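Colleague: Here the protein sequences come in this chain order: L and Y. According to the numbering used here, numbering within the first sequence proceeds without interruption in unit steps and concludes at 240. According to the numbering used here, numbering within the second sequence proceeds without interruption in unit steps and concludes at 1239.
The set of hints was computed from the structure by calculation and includes no laboratory data. Fair warning: this is a prediction, and the values are worked out from it, not measured in the lab. Careful: at least some of the hints might be erroneous.
As the list claims (entries may be wrong) - Footprint (simulated), chain Y over chain L, 3 or more residues, beta carbon under 8 Å: (1) 82–88; (2) 108–117.
Unchecked claim - Each pair of labels, with its calculated beta carbon distance range: (3) L/Arg-132 to Y/Glu-1051: 34 to 44 Å; (4) L/Met-16 to Y/Ser-964: 37 to 47 Å; (5) Y/Asn-1187 to L/Ala-174: 19 to 29 Å; (6) L/Gly-31 to Y/Ala-1045: 20 to 30 Å.
From the three backbone atoms N, C-alpha and C, an ideal C-beta is built for every residue, glycine too.
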Amino acid sequence: MITLKINGLNVTVEEGTTVLEAAKFLGFPIPTLCHMEGLSPYGACRLCVVEIGESPKSRLVSSCTYPAEAGLIVRTSSARVVKARKMVIELLLATCPQSKVIQDLASEHGVRQQRFRQEHEDCILCGLCLRMCSEQMMAHAIGFRGRGEHRSLGTPFDAKSEVCRLCGGCIYVCPACQLRCTYNQPEKAICGGCGNLEPPCVDKPQFDDMMCYMTPCVACEIKKD
Amino acid sequence: MFAYWNAKFDFIGEEDMIAEEVARVVEKHADRRGALISVLEDIQQKYGYLSRGALEAVALKSRRSLVDIYSVATFYRAFSLSPRGRHLVSACVGTACHVRGAPGVVEELKRRLGINPGATTTDREFTLETVNCLGACALGPIVVVDGRYNPNVGVAKVEPIIAKAIRGSEADDALHDERIFPLNVQCPRCGHSLLDEAHLVDGQASIRLRGNADGQSGWINLSRLYGSVHSVTDTLFPNDSITSFRCPNCDHDLAGPVHCNDCDAPMVPLGITGGGIVQFCSRRGCPSHTLDLDSGRSGATAAFNAPERGSAS
C-alpha cells in the first residue's frame, strides 16, 4: 500500500493504482473521454490532466496512465490544470463539433468558443473502439492506419472484416459518433451538430439529448454538402 | 552477369506463390520477437511493394492480426501498398536541399515524368517520391535514382539523370567501375562463342543460351558484364526453378558437376576465350557465381580487361 496526497488529502491505495483511480476513490471529479473501465488506459484525449509535484517543478501528466507513487502530490483542479483542460476541449471542439459528448464537456467546463480553424471530423482518434474490439470483444477487427494527419481508424484496406461480428461495441463506446446527426429524420433529430455552444444543452431538459433545435442546422448543411 | 535473372522487380505471380514466399520469409525471422518490420522489408524487397495478398499471407503465417500488420505497413513511408515502377526516383526536399533549389528540381521531375510525387508512371517504369532528408545536406539538392545518389542536381541535370536511369545505371557504371568488365564466353564443349550481337543487355552483346525449366523452354540472354545481374528472357520461368541450359550451337546440356554452395543447384560452367571458367548457379534468382581464370586449357588471361581484380571476386 502506498500513500499519496491529492488536493491536500492523504489517500492510501494499492500499488499499481493510477492517479485517476485514487482521485475517483476520494471523490474528486476528473473528466475523461478515452478512459473506460475494463479497457486498458490509453492517455490519448489528455482531458484527465492533473498537476503533480510542487511548483516550480510541477508538471502536467495524464492521470489515467500515471501510476500512484508514494508521497506524490497531486492537484486535480489547479488553475494550470483547468486552463490545460479547457484548451483540450477547445481543440476537441475544433476537430469534432457535432459530438454531443464533447459539447457537454464544453458546457460543463465553461468553454464558450473555440478559436481554431473549424473541422468536421467524425473521429477524435481516442482509440476507444479498437480497444473495445480487441480487449472486450476479442475480435481485433479495426485498428489505426496511416500516420500524422492521415491517421484514421478502420479495417485493413477498408474491406469488410472477416473477424467482425457486428456487435456494435465500437459504436457504443464512441464519444464522437454515437449521436450521429439524423437530419433525414427530423422528428427524431438528435442533432446538436452545429457547434453552437449557446445555449448549453445540459440546462435544457425539454430537448433531452438535443443540443439545440436550430433550423437550418449548420452541421447538417455541412454534412449534406 | 551470372545471377540468372534479376529477381527484384519480379512478375507478381499466383497467390500461392506469394504465400509460399511469405511463409519462407516469416520462417526466416521466426526466432526473433518484433520481426514484423524485417518481414515486411523482405517482402517489399522481393516484390517491390506490399500487396494485399502478401499482407494477408503474413497475418496467416505469423499468427498476427491483419489489423496490426496493416497499421505498421501504413505507418512507415518505406513501405508501399501500391506497385512501384522499375526505377525509384527520390528527390530530397529537406531544408538544405530546399534552400538550394529542390522545389525547382521536383517541378522538373514532375514535368519530365508526367507524375506527381508518390505516383508511378502508367508504363510502370518510374516512381517519383519526395524524401525529407537523406543526411547529405552539403551535396544538395540530391536526387536518388535506384539507390544511386546524384549530388548538386539543378534543373538542367534532371533530364540526363532520367536518361541514365532508362539506359540502366549498371550499364553506365560498367564504363567507369573497374570491378565490372565484359567477358568473352564460349561453349565449354564445342568452343563456339556464345555472344549474341543482336540482343543487347546492359548495352553490350549478351550471352545467349537455350533454357528449359518446368516444361517451358525459351531463350535467355545474360549480361556479359561480370558484376551485372541483368538478363532478358522471352519465357516466364518460375522463380527458384532450376533451369537446364543448352548451348545454342551444339545443343549440349551445360550443367556441370559442381553444385552451388548456397542452394545446391547445379552450377553451369562456361569457357572463357583465352582460358578460364566462369560458373553460375542454374537456380533462378540465386546470385551465386565463381570465376576461375587459371584453370582451363591454356592458362592465358589475355581476354580480360582487368584479370587480377576479377579473380578476387
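Colleague: Regarding Y/Asn-1187 and L/Ala-174, is the given constraint of 19 to 29 Å on their beta-carbon distance met?
Modeller: violated, 44 Å
Colleague: Using the C-beta atoms of L/Arg-132 and Y/Glu-1051, is the stated range 34 to 44 Å upheld?
Modeller: holds, 40 Å
Colleague: Are there three or more residues in the region 82–88 of chain L whose C-beta lies closer than 8 Å to some C-beta of chain Y?
Modeller: Answer violated; 0 residues pass the 8 Å Cβ test.
Colleague: Given as covered by chain Y, does the region 108–117 of chain L meet the bar of three residues or more with CB within less than 8 Å?
Modeller: Not satisfied, violated; 0 residues make the cut.
Colleague: Does the beta carbon distance between L/Met-16 and Y/Ser-964 stay inside 37 to 47 Å, or does it fall outside?
Modeller: holds, 45 Å
Colleague: The hint says 20 to 30 Å between L/Gly-31 and Y/Ala-1045; measuring C-beta to C-beta, is that right?
Modeller: violated, 51 Å
Hints 1, 2, 5, 6, counting from the list given before, are not met by this structure.
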